[in-house]
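Keeping the supplied structure of chain V fixed, place chain B upon it in accordance with the hints.
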Amino acid sequence: MVRRLRARPSAVAAAAVLVVLALLALGAPLLSALAGQDPTTYHDDLIDSARGGVPVGPYGGISGDHWLGVEPGTGRDLFARLLYGARVSLLVALGATVVQVLIGVTVGLAAGFGSRFADTVLSRLTDVLVALPMLVFAVALTAVVPVGFPRPLLLVLVIGLLNWGGTSRIVRAQTLSLKKLDHVAAARLGGATPWRVARRELLPALAAPVITYAAILVPTNIVVEASLSFLGIGVTPPTSSWGQMLSTATTWFRADPLYVLLPAGCLFVTVLAFTVLGDAIRTALDPRESSRLRVGTRGGSRGARRTAAATTGATHTTATDTTATHTTATHTTATDTTVTDTAAADTPAPPAGPDRPTREAAV
Amino acid sequence: MTGYVLRRAGGALIVLFLLSVLVYLLFYVAPGDPATLACGPRCNAEQIRQVREQLNLGEPLPTQYLHFLQGIVAGRDYSTGTGVLHCPAPCFGLSYRNDQPVTELLAARLPVTASLAFGAMVLWLLLGVGTGLLSALRRGGITERVLTVLTLAGTATPVFITGLLLLMIFCAALQWLPFPSYVPLSEDPEQWAWNLLLPWTTLALLESAKYARLTRSSTLETLAEDHIRTFRAYGVRERSVIGRHALRGALPPVIALNAVDLGTMFGGAMLTETLFGLPGLGQLLVQSVRTVDLPVVVAAVLGIGAAVVLANAVADVLYALADRRVALR
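As they're listed, the protein sequences go chains V and B. If you're matching positions, the first sequence starts at 58 in the working numbering and goes up one per residue. If you're matching positions, the second sequence starts at 204 in the working numbering and goes up one per residue.
Source of the hints: derived by calculation from the structure; they are not laboratory data. Among the hints, a few may not be true.
Unchecked claim - A partial selection of chain V residues facing chain B, derived with a Cβ cut-off under 7 Å:
1) A188
2) L189
3) P190
4) V201
5) F206
6) V280
7) T308
8) F310
9) R311
10) V317
11) L329
Stated by the list, open to error - Here chain B is said to cover these stretches of chain V; the calculated rule only asks that three of the stretch's residues, wherever they fall, bring their Cβ under 8 Å from a Cβ of chain B:
12) 286–300
13) 321–328
Ideal placement from N, C-alpha and C gives every residue a C-beta, glycine not left out.
The shape of chain B in the complex, shown without the other chains:
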């Protein structure tokens, strides 16, 4: 088991490293001169030259990349002409817009995205796993048909359509909910939840269909296995067969999928955040792309990539913990 975890972690690290090289190359070598971008539209040649020096753009590429890595691991100093600006340990550079360390910008956005992701997760698990189990245990009934239709509609509706419709119904027409705006959890937990309810629901509606389907097929599969037949033959009560034995076999795929999804959400639900005006990571990425703030884009993409790679690794390990056969392969 330990060996498996180590192997999986090693694989994740390699992928992360490749990703960082790729992202770095793509963004700093791609057309468009970083110095000109960093300096802004009203810069003369002399200022651009200074910025180029500041960003070490004259150095060979591998050296630049090493500096970038060094910044992430150990921090980095930037000369601002008059003084030195220290950018502490996980340093992804300074924003082109306002020279703020990118790490600070990202950290400020993280609570919003985390609130969104965890709340939505609770909802989609309740909705999805609930319906999935229900339709697996009562086969052929109306739940199954409803589920099929919902799944189809869920896949065909992008988040922003569901969200807009919910906004129209619950905020504009019925006026049951406030127009979402982020209130920090530490300030006012009630308002926090109340404001986030709509974004959570939007995401959960999209995701839960997937979970319902997975739970259903996975439960049916487990119920068809030999050991379940044996339990039944020995006269174990049905509730115990399903609750203790079938669920144990049925839930690992759901847990694994959930880990991956949570990772992706953590990377920022760009569409949801943009639609509801929540100042999270996804919104930051979109804004930075519009203003071509490359250091922020690079850091956000790397951060999101890291979250996803990590989530995948965690999912694999969880799966292996639940089903030891995986680790032996």
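Okay, chain V solo, but in the shape it has when bound:
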């Protein structure tokens, strides 16, 4: 996978940006000490109180001491605050992603591998969760938590607890199709406990889709954290965060444009890098994706949707009657299974002639 990633220049660039960012965030105390600044000291002498607190000097008060200028209104060092903001952003986003993946995989496995009843309840729950606007609930949830609770942890928990629906859906779907494969059936017949089957037979095969999805979750989480801080219910001052800086910037953008552009730029670059990397990871883990895109003009995604429908349709039948249907499907790979199933569902198998659309072949 690393090799495939390395073959894509955009992925390499995105990864490089993220490594630099991570280093900056990790070394924030060191770097700001190096600049001789810290993120919380007020510098009243650097802001022009006669003009309402605009930094003294051009470009937001950039100088040898303050590499990126100072914050309007308070005179705190912007370089240090941006660095510390990166810490919050990355920490919350990654932490929330871990929580989301843990819950999502657990629920998805339980739904896909558990009893029919458990599946119904958990899938319903997931549906509700996915349908509801997450930001609204995140905002509302912060209202009932006592003020003393550490804010970054709160953000991790709130974002993590509210957005695991996608992961669990993917894991459930994957588990349902894995369940029909030979090695899983063998393990079950061999008397392995469900826990063991889940751990030894299912989890390894789930890694690829889960990693792919987690890579997409990270940028979303960054945006959610920034949004909550922007609304004034994320991290509380004096801790700095990009979202919070942007929210104060709404009153300063006329007098000090740089104060908007710096955090906005940081946020944009970070999210973009994560998005590009996530996209590359998806392609790297699923090489068919690129070929599908090429052929996909002839209804690529429609084919995918049909397969999805076929999978759910197929599982309902195969879940009840056992071995007979399995044998037809098991010798092919997981994705090909569905094609075989659709063919088996139509009474006579259609002839695989040259005028069969390429759609099915592409999926």
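Showing chain B alone in chain V's frame:
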């Protein structure tokens, strides 16, 4: 078809009911004593006890929840110590801040959010569906590349960044537009539109990329179908093939997505409203969260949830109307 609609409505009702239980439990049982919150910071023990009685907090939980439901359906009376305050039919309680019925507070905000949502919708449909169609019909051209870049940038830019940049450019630097402040439509339609133009654009820029992509893939998909090939083989004019037959197959997903998005917007575009200082539902929710005004938060969350659930149901029905195969499943 009727059966499908009924089934879908039933499902929506169940979800709504579950949601109301969940929200109620979460907010009135969660840490932090509602009576203390309702009373305010300068309350003594006796006053808190009175408020507790007023809010029926001594009752068992299911009874409290029933009262809450009863209030929504039939209205409810509150004793204010000296008199009785009647809170009419859809009653979500009284605000902790100023004892105003929550329903009134919400109703006052609704026009703002509605103006924002509908205007933005018109813009994103024009922009999104337009570009999507264009790039589907002229494949491989420059539109496709531009679209890919725009989609990527659109997903990577939160609303408040786009909004701030637009504010900086059009209000501060060029001074073409006023700094947005809400003017009711009934008062001055021209100023209404002029003031909302920037918020609309901000939302539309964010959303239209999604629509462009969906329209494009959906159109390409339909164009690749057998019946379109047949129409072409029979010599139907290309304009008619695309305008009448391809679009019919391509638009249902777009309509469905639009219904869902509109529902979400109706629930309040919190970020946009906060950024531009528009007094809509989203802004109310954010303010109430800051002041821990629980009845308002509960009502707003329930209202938003209801809007979204309803929008999803409508989207499904619309989809089924356009594509009858869905209803049969």
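Margin query: Run through the hints listed earlier and report the numbers of any the structure violates, in increasing order.
Written below: Hint check: 5, 7 fail, others pass.
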